[in-house]
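Assemble the whole structure, with the sequences as input and the hints as a guide.
Residue numbers (our numbering), protein chains in the order written: chain G, 1 to 198; chain E, 1001 to 1411; chain H, 2001 to 2207.
Because the hints were derived from the structure by calculation, they are not lab data.
Predicted model only: the values in this text are computed from it and were never measured.
The beta-carbon is built from N, C-alpha and C at its ideal position, and this holds for glycine as well.
Keep in mind that a hint or two might mislead.
[Claimed, not checked] One-sided and incomplete, this derived list gives chain H residues near chain E with beta-carbon spacing under 7 Å:
#, residue
1, Arg2051
2, His2052
3, Cys2079
4, Leu2082
5, Val2086
6, Lys2112
7, Ala2115
8, Asp2125
9, Val2149
10, Pro2185
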Amino acid sequence: MSPAANPAPAAPLAPAVHPRLEFDPELEQSIILTKIDWLKDWSRRNALWPMAFGLACCAMEMMATAATKYDLDRFGSGVFRASARQADVMIVAGTVTHKMAPRVKRLFEQMPDPKYAIAMGACVIGGGPYSRFGYHVVQGVDLVIPVDIYVPGCPPRPEALIDAIRKLQERIRVKGGSSLPADDVLRNRERILAMSAS
Amino acid sequence: MSHEPVPSVPQVLGVVAPAVPPVVDAADLARALEERSMGQALRTEELVVNMGPQHPSTHGVLRVVIKTDGEVVTALQPHIGNLHRCVEKIGESLPYYQWLPYVDRMDYLAAINNEHGACIAIERLAGIVVPERAEYIRVILAEVQRVASHIFAMGVYGLDTGAITPFLHTFRERERGLDLLDHIAGGRLLYHVIRIGGVKRDLSPEWIDECHAFLDAVEQRLPEYNTLLLDNHIFQERTCNIGVIPPALAVGWGVTGPALRASGVDWDTRRDAPYGIYDRFQFDVPIAHSGVAGVVGDCFHRHWVRFKETEQAIRIARQALRDLPPGEIQAKLPKTLKPPKGEVYVRVENPRGELAYWMVADGTDKAWRIRCRGPSFSNIGVMTDVARGALIADLVALMGSLDIVLGEVDR
Amino acid sequence: MSDAAAPANSPTPAGAPAADAGPRDPVTAHAARLVQAKVPGAVVEVVETGRHPFLRITAEHLVAACLVLRDDPELALDCCHLVSAVDWLGKTPADGPGSIEVVYHLVSYAKKTSAAYRRSAVKNDGFVVLRVRVPRDKPEVPSVMGVWVGADWHEREMWDLMGVKFTDRPLLRRILLPEDWPGHPLRKDWAYPVEYHGIPIIPPEGR
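Written out as structure tokens, the structure reads:
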């Protein structure tokens, strides 16, 4: 359909890789370990330190969420870390472009496990307003990093971001605190390629 | 490079005393150091530091590559484009009214002003006359947005210079302003309320009362912000005499807005090339002059100009609220807007400078070419010439004072 | 997004239509007289009426004309407000490859326009607009970076997005898009790539 007039550059951007820790099922039955797991998850979800990764307009709403009226600190997430090494959750707030995508991937890889990602805003869910004609916009950040929670809105209200943090806390409580597998990203890319092939 | 031999342990422990004469005064010390270094000059290396694109102080995805000699910047190159969102290509691909929401996202902190400019450009292309009441409402919304944007900039500049408290204070008032805009437009940050030919919704009497309350509240709080920042001697140490932009350099680079006025150039588009109905309002234009603190053109004066402009924006908004006439809020438009062939160039005064649109119409419902000039694009460029010789911390102060928004740099 | 063939109503490269004739813009008229006097052969076309009056300059005389306009004490055009480019495809395929026009918007911050000018029907705020038309398959324009420093970044952006090559300047390289981006997107015949470094790009008709 579309004329492939321009050759794509080499070296595809590989998805972020992080191995999953496997536990012996016998050990999981142990009551003491379950309590420690519960304690670990409790501490993880109530002190989710976000990385200050504001890219565009949604970053302004992220700042407003952390500010006076919508105080994100009451949920434990008020400490925005500038360094990826000290952060738990990467709130990708704003449009991810092709120029920025390798940096997003690298920063996500720099975060220590367990790490989570919240895709804030329509642009990072599926391209948002730029999904049709935006040649430089990555059609969703889940083509680059695995995403746990998606927050719709353009930009989402601060209440929506607080809801996302709460949902992430709930997910950690119910399903445990481990990160998503890396092959999520490859599955997402297949899905998008299938759309453009039609 | 040959290194000095590492002294052996007995030498270090003093068991075998090295043959060094005792040091008794400064001259001796100098001689001893010179002998120790064997007369070799210390080799220095320039360090290349990458700042951004993820950085708490770059106000977005700006990447600055700095060459430093220790902590002094010797060269600087900004790399932009990390937020290029193809607004101009979208302008050629969608009809005018469908393209209009994208201009909010360029300077996302002053979305009303962006929309204002785009609508004026399209209206000039198509020959549409906006009703009086709509013009007044546009001015009120634009000035409320200017106040919200400036107090945001002032608070975040406190963050850049190391003060977290002013950020929380200014956001408290900004939330009231955003509530106002949310009430009329449905969105807190990105509005799409100024439409081609008018505005989308009318102001209710409750909104007008709430607006007066907001303007009063900001006016009352401005001295409080100044106590925290402008009159604070730590802030003055951080910003006075830092990042001085001479007026000729500013004009040559195309710096506009508060940064231009802080360099002493007397220009405000609302007064000197008025658009809409700005020629009906009385307001002062703050131009930096010596005698306040620091030197004209430094970071302090850019912050000072923003503070003064906030006061004047409140003044304009009050006049517009007072003179608001009754009437229609939207001109009658054809179902599909097809401006005749032609071109137009429109510039408006945004809180960050002069935003300009060059539109080429070809008689269809889509534009042939739309070119947007974001003020922050030129404001960043001046950094390459001004930042030489500054410390890295001063660089952060300089970037914060220029108040850039990457959405309109990269568009 | 337009298809490969030029749309039937693509505008003529002349710009402002003759039907929009109205009051003459004195600033453009003065600029035209000045450049015609000081740089003979530079001005190819002058349109002084309408919403967007302009001077069309040849590429080889561009820098000389810009210097004259900047140094004139009456005009004092000390700021290059914007450098942009527009891709005029040929009206019909028989027109050949068509042209690209580089447009300069120049303004003065030292000289203010008078109140009478501002109240007049001419609504272009004292801008002087220069246009340089170059063929699409060889779009080369001399750089005016030496005249106004601020033109540097605007020219890089026009190289990046439109493919206009600015000569006589150091290091013309991309500013917004990555260095290895294929093509110049704002050209009317640019095709969306399939992917970039492994991340798929969806063309507009593919959704």
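Would the stated hint for Lys2112 (chain H) survive a check requiring a Cβ distance to chain E of less than 7 Å? 5 Å, holds
Would the stated hint for Cys2079 (chain H) survive a check requiring a Cβ distance to chain E of less than 7 Å? 5 Å, holds
Status of the Ala2115 (chain H) interface restraint (C-beta, 7 Å, chain E): 9 Å, violated
Hint status (Cβ of Pro2185 (chain H) to nearest Cβ of chain E, threshold 7 Å): 6 Å, holds
Under 7 Å is the threshold here; is the Cβ of Asp2125 (chain H) close enough to any Cβ of chain E for the hint to stand? 4 Å, holds
Quick check on the hint: Val2086 (chain H) CB to chain E CB, less than 7 Å? 4 Å, holds
Please verify that hint: Arg2051 (chain H), Cβ, nearest Cβ of chain E, below 7 Å or not. 5 Å, holds
Does Leu2082 (chain H) hold up as a contact with chain E if the rule is Cβ-Cβ below 7 Å? 5 Å, holds
Under 7 Å is the threshold here; is the Cβ of His2052 (chain H) close enough to any Cβ of chain E for the hint to stand? Since the shortest Cβ distance to chain E is 4 Å, the answer is holds.
Does Val2149 (chain H) hold up as a contact with chain E if the rule is Cβ-Cβ below 7 Å? 5 Å, holds
In this structure, the one hint that does not hold is number 7.
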